[in-house]
Amino acid sequence: MLIKKGAEASLYLEEWHNRKVIMKRRLPKKYRVPELDKEIRSYRTIHEPQIIHRAKAAGVPTPTIFMVDIAEATIVMEFINGKQVKQVLDDFSAEERRHLCCLIGNLIGRLHNRGIIHGDLTTSNMILTPRGRVVFVDFGLSEHSIELETRGVDLHLMKTAFQSTHYKYAKESFGMVMEGYAEARGNEAAKHVLEKIREIEKRGRYVSERKEAEV
Amino acid sequence: MSTRHSAASYCLGIESTADDFSVGILSFDGDVLANIISAYIPEKGGIHPREAARHHAEVAGNILEKAFQKARIKPQDIQVVAFSQGPGMGPCLRTGATAARALAAYLQVPLVGVNHCVAHIEIGKLVTGAKDPVTLYVSGGNTIVSAFEAGIYRIFGETLDIAVGNCLDVFAREAGLRQDEGVPFGAMVEKMASQGQTFISLPYTVKGMDLSFSGLLTAVIQLLHEGKHRLEDLCFSLQETVFSMLTEVTERALAHTEKLEVLLTGGVAANKRLQSMLSQIADEHNARFCVVPKEYALDNGAMIAWTGILAYQHNMTLPVEESFVKLRWRLDEVYAPWVGG
Numbered sequence: 105m106l107i108k109k110g111a112e113a114s115l116y117l118e119e120w121h122n123r124k125v126i127m128k129r130r131l132p133k134k135y136r137v138p139e140l141d142k143e144i145r146s147y148r149t150i151h152e153p154q155i156i157h158r159a160k161a162a163g164v165p166t167p168t169i170f171m172v173d174i175a176e177a178t179i180v181m182e183f184i185n186g187k188q189v190k191q192v193l194d195d196f197s198a199e200e201r202r203h204l205c206c207l208i209g210n211l212i213g214r215l216h217n218r219g220i221i222h223g224d225l226t227t228s229n230m231i232l233t234p235r236g237r238v239v240f241v242d243f244g245l246s247e248h249s250i251e252l253e254t255r256g257v258d259l260h261l262m263k264t265a266f267q268s269t270h271y272k273y274a275k276e277s278f279g280m281v282m283e284g285y286a287e288a289r290g291n292e293a294a295k296h297v298l299e300k301i302r303e304i305e306k307r308g309r310y311v312s313e314r315k316e317a318e319v
Numbered sequence: 028m029s030t031r032h033s034a035a036s037y038c039l040g041i042e043s044t045a046d047d048f049s050v051g052i053l054s055f056d057g058d059v060l061a062n063i064i065s066a067y068i069p070e071k072g073g074i075h076p077r078e079a080a081r082h083h084a085e086v087a088g089n090i091l092e093k094a095f096q097k098a099r100i101k102p103q104d105i106q107v108v109a110f111s112q113g114p115g116m117g118p119c120l121r122t123g124a125t126a127a128r129a130l131a132a133y134l135q136v137p138l139v140g141v142n143h144c145v146a147h148i149e150i151g152k153l154v155t156g157a158k159d160p161v162t163l164y165v166s167g168g169n170t171i172v173s174a175f176e177a178g179i180y181r182i183f184g185e186t187l188d189i190a191v192g193n194c195l196d197v198f199a200r201e202a203g204l205r206q207d208e209g210v211p212f213g214a215m216v217e218k219m220a221s222q223g224q225t226f227i228s229l230p231y232t233v234k235g236m237d238l239s240f241s242g243l244l245t246a247v248i249q250l251l252h253e254g255k256h257r258l259e260d261l262c263f264s265l266q267e268t269v270f271s272m273l274t275e276v277t278e279r280a281l282a283h284t285e286k287l288e289v290l291l292t293g294g295v296a297a298n299k300r301l302q303s304m305l306s307q308i309a310d311e312h313n314a315r316f317c318v319v320p321k322e323y324a325l326d327n328g329a330m331i332a333w334t335g336i337l338a339y340q341h342n343m344t345l346p347v348e349e350s351f352v353k354l355r356w357r358l359d360e361v362y363a364p365w366v367g368g
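If you read the sequences in order, they're chains E and Y.
So the first sequence is numbered by our numbering: it starts at 105 and just counts up by one.
So the second sequence is numbered by our numbering: it starts at 28 and just counts up by one.
Some hints could be false.
Stated by the list, open to error - Calculated lysine-lysine pairs in the PhoX-like style (CA-CA distance at most 20 Å, straight line): (1) E:Lys300 / E:Lys275; (2) Y:Lys218 / Y:Lys321; (3) E:Lys133 / E:Lys190; (4) Y:Lys321 / E:Lys300; (5) E:Lys300 / E:Lys263; (6) E:Lys263 / Y:Lys321; (7) E:Lys306 / Y:Lys353; (8) E:Lys300 / E:Lys272; (9) E:Lys109 / E:Lys160; (10) Y:Lys321 / E:Lys133; (11) E:Lys142 / E:Lys160; (12) E:Lys108 / E:Lys160; (13) E:Lys295 / E:Lys275; (14) E:Lys263 / E:Lys295; (15) E:Lys108 / E:Lys133; (16) E:Lys133 / Y:Lys234; (17) E:Lys142 / E:Lys124; (18) E:Lys134 / E:Lys109; (19) Y:Lys218 / Y:Lys299; (20) Y:Lys353 / E:Lys134; (21) Y:Lys234 / E:Lys142.
What the hints assert, rightly or not - Covered stretches of chain E, as calculated for chain Y (at least 3 residues, CB under 8 Å): (22) 140-154; (23) 198-212.
Read the hints as simulated data drawn from the structure, not as lab findings.
Nothing here was measured: the structure is a model prediction, and the numbers come from that model.
Glycine included, every Cβ here is placed at the ideal spot set by N, Cα and C.
I would like the entire structure built from these sequences, with the hints used as guidance.
Written as structure tokens, this is what we have:
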């Protein structure tokens, strides 16, 4: 059953050896020449599970990968039982929200410590399980980098996600994310990234933010 | 020569961001009366800003005169003067701005500063009838995927280093292709590519929604100098790789915004292969594919005049003392109240 059709890949919820699994398929694109199409789809099919695996080593919960089919550009992975952070955050009490955001920040910090950039940090790509774990999913845009700039961009995206989807608590929530981030990476590193985020905002890519950054 | 007699209002637009100096005259209802372009062609290498500016200064008077002749109106019929205020090369921008200020002062009409990237989108909408598209603007100086949202043309993806047109031009020059008048490098690469057969793998760099071409350019130039591949195959592989990157990002923006039109503009828009790739993704998303005709896709004065009219109608005029050029003026810094209203 198709559950999400993206521009780059489609997600299917399937039964696989008596297990509920997510199948991520990268379908061929007709506009590309076949050689390039195959290259891109295989590369990403290999790359994504590798990063998902490295995230685990960093202490960040991610889905278990069951199978990688390079020829079909398909990844079979664990279906995570739980709710998207996006769905629950606004209904939480202030205390619960602080705790959750702090945990998210801590996990992002762990990824960054290992040189992993998620690339699409939004509250819909984080699943809160019934046992209180936060599982990061969709590493489709992830990359390896230890540059301050890419780390800043990664967190900046998280900030804009809060501003657009969780407007009421955006400031407070992102503040807690940064606190959790500092826990994982140290105050000095967190401070540098925060300065970078401000610089990115001032650069004018997003005009309204730039004005906000000026005040 | 007869002169137009009507109560209609006219705007004159001056474009001079890079290698083209152009004057366009439009009526307020969107009729293009004149669109005269003069291109500076370097003896060798790329555009030297100062040399280009000298060209602009030399031709300015003549091009203005030609535009008035073509439009069959007198300078006194002009209600507003618009000019490309940025982004672009400093000396070139300043030459156009100087001409515009002088003309506006002489005619005692208001001056409007226009963002070059906004102008490309607005004229594209005017000539293709697109209302609210995802725009891919690809030229020698810009590579932007944009869509309108809440008052501004938001940038969904852009190049992190050089523009795609620049990438193709530099490769063509390295390969020893010579530019003839009226035949841009891009067209020469396209022709070569059509005879390519073997695809050679090159770096494909899409970072999130942004693109990077500089590493790819270095790689393809290295392969060129190794001399193991046919030039046709290199052109083919280069085109396939860069256009696939552009198409992928445009498709993402289209999927995200769920807009119903795709607009292709800029100098690179003339490429048939790029057109066919984009029209395929437009089809898949049930969107209408619009490509801007060459005359209005290349840098031109008509687009400046048209955007000048839109801004003028929202009282966005510019006092001369604030009319300094903005070399790095971004598309998403422009508040565009005329859209959707």
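Verification of the hints:
With a C-alpha separation of about 17 Å, the suggested pair Lys300 of chain E and Lys275 of chain E falls inside the 20 Å cut-off, and the hint holds. Annotation: proposed proximity of Lys218 of chain Y to Lys321 of chain Y holds, straight-line Cα distance about 17 Å (limit 20 Å). The hinted pair formed by Lys133 of chain E and Lys190 of chain E fails the criterion: a straight-line CA distance of about 31 Å is larger than 20 Å. For the hint linking Lys321 of chain Y to Lys300 of chain E, the alpha-carbon distance of about 41 Å lies beyond 20 Å, and the restraint is violated.
A distance of roughly 13 Å separates the Cα atoms of Lys300 of chain E and Lys263 of chain E; the hinted pair therefore holds under the 20 Å criterion. Using a Cα cut-off of 20 Å, the hinted pair Lys263 of chain E and Lys321 of chain Y is violated, with the two alpha carbons roughly 41 Å apart. Distance restraint check for Lys306 of chain E and Lys353 of chain Y: the Cα-Cα separation of roughly 17 Å lies within the 20 Å cut-off, and the hinted pair is therefore satisfied. The suggested pairing of Lys300 of chain E with Lys272 of chain E is violated, with an alpha-carbon distance near 24 Å, which exceeds 20 Å.
Note on Lys109 of chain E and Lys160 of chain E: the hinted pairing is violated, with a Cα-Cα distance of about 26 Å set against a maximum of 20 Å. About 28 Å separates the Cα atoms of Lys321 of chain Y and Lys133 of chain E, which puts this hinted pair outside 20 Å; it is violated. The straight-line distance between the Cα atoms of Lys142 of chain E and Lys160 of chain E is roughly 28 Å, outside the 20 Å bound, and the hint therefore fails. For the suggested pair Lys108 of chain E and Lys160 of chain E, the alpha carbons sit about 24 Å apart, so the restraint of at most 20 Å is broken.
Annotation: proposed proximity of Lys295 of chain E to Lys275 of chain E holds, straight-line Cα distance about 17 Å (limit 20 Å). Taken as a hint, the Lys263 of chain E and Lys295 of chain E pair is honoured in the structure, with Cα atoms around 15 Å apart against an allowance of 20 Å. Among the hinted pairs, Lys108 of chain E with Lys133 of chain E is consistent with the structure: their alpha-carbon atoms are about 17 Å apart, no more than 20 Å. Taking the CA atoms of Lys133 of chain E and Lys234 of chain Y, the gap is near 18 Å; set against the 20 Å cutoff, the hint holds.
This hinted pair does not check out: Lys142 of chain E and Lys124 of chain E have alpha carbons roughly 28 Å apart, beyond 20 Å. Between the alpha carbons of Lys134 of chain E and Lys109 of chain E the distance comes to roughly 17 Å, so the proposed pair stays at or under 20 Å and holds. Restraint check for Lys218 of chain Y and Lys299 of chain Y: the C-alpha separation of about 10 Å stays at or below 20 Å, so the hint holds. Taking the CA atoms of Lys353 of chain Y and Lys134 of chain E, the gap is about 41 Å. The hint is violated against a cut of 20 Å.
As the CA atoms of Lys234 of chain Y and Lys142 of chain E are separated by approximately 19 Å, the hinted pair is consistent with the 20 Å bound. Given as covered by chain Y, the region 140-154 of chain E passes the check, having 3 residues with a CB less than 8 Å from a CB of that chain where 3 are the minimum. Requiring three or more residues with a Cβ within less than 8 Å of a Cβ of chain Y, the coverage given for the region 198-212 of chain E is violated, as only 0 such residues are present.
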